[in-house]
Amino acid sequence: MKLLEVGQLKKDYREGKTWVHALRGVDLQIGEGEFVAIAGPSGSGKTTLLNVISGLDSVTEGQVRFDGDDVTTMTPRQLTHMRLTKIGFVFQVYNLIPVLTAQENVEFTMLLQGVPAAKRKALSLDILSRVGLAGYGHRRPPTMSGGQQQRVAVARAIVTHPRLVLADEPTANLDSETGAKLLDVMKELNETEKITFIFSTHDPMVMDYSRRLIRVRDGRVDSDKTR
Amino acid sequence: MKTLLKMAWLNIWRNKRRTLILLCAMAAGLIGVLFTMGFMQGWMNQMVDNAIMTYEGHVKILGKGFQRNPVIENSMPAMPDVEGILNRDPRVRAWTERLTAQGLLSTPTDSRVVTIVGADPDREPQVSVIGEALRDGEFVSSKEPLKIAIGRTLSEKIKKGLGKKVVLMSQRLDGEIGSAAFRVGGLFDTGSGSYDESTVYISLADARQMLAEGDRVTEITILLHDIKDSEVVAADLARELKERGVEVVTWKDRLPFIVEMIKLSDRFAIPYYALFYIAMAFGIVNTLLMAIGERTHEIGIMLAMGMHRRTLVLLIMLESLFLAILAALAGAGIGWGLVAWFGHRGIDLSAFSAAMEYYGLGHVLYPVLDPGRAAWAVVAMLAVALVFSFYPAARAARLVPVEAIRRAG
Ligand SMILES: Nc1ncnc2c1ncn2[C@@H]1O[C@H](COP(=O)(O)OP(=O)(O)OP(=O)(O)O)[C@@H](O)[C@H]1O
Ligand SMILES: [Mg+2]
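Just so you know, the sequences run in chain order V and W. Heads up: the first sequence at position 65 corresponds to 65 in my numbering, and the numbers run straight through without jumps. Heads up: the second sequence at position 81 corresponds to 1081 in my numbering, and the numbers run straight through without jumps.
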């Protein structure tokens, strides 16, 4: 069984009197340790797909199985617990809690999980140096560049060794060079830590980073290529 | 928890201006509450003090029935041995005997109903302020009989100054009418016009001569060091004097009007205080809702990451509590200082003094803060902050992460 299995997934949004079909029957399977890019034009359903996978959004029809569990039938509590223990998130912008330092941000998930302080500190310092931010632990997000903030977000997402990291357009607000560096870091962690990454983008340069590229269009999988 | 406390603390400073405005408003409200409390407490204390120091004392030993029906028939024989009991009691500051009666004060052109107080010339000034209130002449003396001290206002009304003659008349113990002519020897001004107009002092010896035979008294008035001992001292005396057929009462029995006033003033103050707490609750709810609105994106991310909703509720309630603690520190500090300063300096109320006199006050009011009440005001503030932060907190916890995150910043 694959880590993630999505079958005939449909998601409709009501917009006033009409319905928006954000996902119109998506099938895909993603295995352990993969590094997958989901590409598509704006409005194609990338964000919706990622949100449905993590249970942040409900499905209209179809199946989502993650790590052996049926996400579509879980209670809100179970979903919260699943996200806390098994999924790391990186969003497009403002991922971090601005009043906490970089290190405290990285520790935040562990804090919610109840990891002891000493272990939190050791792990967070280690992971910060892995993403190239050794010595930045005490900095507050507003004093860091966009690229640095996103690297802290990546560090926070993987420090607990989740089964899956979902990154929705993590490079969209970065210039291409900084974006490339961020993807280097993500790919490195994917290879050394064997953490599965799914990220969305509509930047062609970013798509080249992944061995597997899934293109979506109008809520359907357009192509799914592994190089 | 430590991180949560830190987040709460830092969060309230994200919009410094808004936080400071709210803090100032909350602190100002608390200052208002504390000052009002101090004012009321000072007022009540002064009212009680004035009554006690002018005439009532803290505890009285009265002849049986005198409390209900203050007539000479309800007087009692002097009790020389009580002197020993009172002098030995360390709680007693001073005491005096009086023989009092309702009577008529007449001049050739005027006659008025007055309370005649037969006072011990030496002891009376230790128990009451009447000695200090003397403005002219001297208080009654044991050496010069048939001298009377009257209020200055009365003196003006009856047009009898120092050295002039007046006649007192009252019912004697034996039922006959007793009367004697007195020379005005002293003029006093206690600050209470009504008291000064209706009370006259003669010496105890003269009073006994005029009204009774032997050494009768109508009351022994006792001043204590601490008003709080009144009930205990009264109870102790009542026990010791059980066989004598006397009554022992406290100032509370003697001044039911003032006791009622105190209760009433507490009751009237409650809606006023409630108003402040309601306004504060609105301020807090408003500010927190605004803050949450600004942090929607961030809250969405925390919820998406798997933060429990109750942790978020706790975070926001902590923010509210911090605000209240800060405002309480500032408000209590300034409020306390203000009451202390005015308590020292006094508030001049001479503009309202006619009304004030009616309530048994002088011209200057000295506010005092009861620490217990002040503590309640502060605790109530913290409690209101906590309770009313629950609504904004619950609203934040109901945010849908996907929608919250979609909103920028
Ligand atoms: N909550 C919602 N209510 C109504 N329509 C929505 C909602 N969320 C998404 N949609 C619609 O669903 C479709 C897919 O949106 P989605 O955000 O998944 O696209 P996307 O590929 O992430 O686009 P972008 O590249 O702009 O982020 C769009 O037409 C969008 O307008
Ligand atoms: Mg999107």
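In short, the hints are calculated from the structure, not lab data. Here the structure is a predicted model, which is why all the values come from computation and not from measurement. One or more of the hints may lead you astray.
As the list claims (entries may be wrong) - Think about it this way: if two alpha-carbon atoms lie no more than 25 Å apart in a straight line, the pair counts; the simulated DMTMM-like pairs of lysine to aspartate or glutamate are:
no., chain 1, residue 1, chain 2, residue 2
1, V, 10, W, 1403
2, W, 1143, W, 1110
3, V, 181, V, 218
4, V, 17, W, 1403
5, W, 1263, W, 1294
6, W, 1002, V, 27
7, W, 1006, V, 34
8, V, 86, V, 15
9, V, 86, W, 1122
As the list claims (entries may be wrong) - Simulated coverage check for chain W against chain V, where a stretch passes if three residues somewhere in it have a Cβ under 8 Å from a Cβ of chain V:
no., stretch
10, 1275 to 1282
11, 1393 to 1405
Note that the Cβ used here is the ideal one computed from N, Cα and C, for glycine as well.
Hints versus structure:
1. 10(V) <-> 1403(W): holds, 19 Å
2. 1143(W) <-> 1110(W): violated, 29 Å
3. 181(V) <-> 218(V): Given pair residue 181(V), residue 218(V) is violated - Cα atoms ~30 Å apart, limit 25 Å.
4. 17(V) <-> 1403(W): holds, 20 Å
5. 1263(W) <-> 1294(W): violated, 47 Å
6. 1002(W) <-> 27(V): Given pair residue 1002(W), residue 27(V) is violated - Cα atoms ~45 Å apart, limit 25 Å.
7. 1006(W) <-> 34(V): This hinted pair is violated, its Cα atoms lying about 38 Å apart.
8. 86(V) <-> 15(V): violated, 32 Å
9. 86(V) <-> 1122(W): Distance ~92 Å between residue 86(V) and residue 1122(W) Cα, so the pair is violated.
10. 1275 to 1282: violated (count 0)
11. 1393 to 1405: With 3 residues in contact (Cβ-Cβ under 8 Å with chain V), the coverage given for the stretch 1393 to 1405 of chain W holds.
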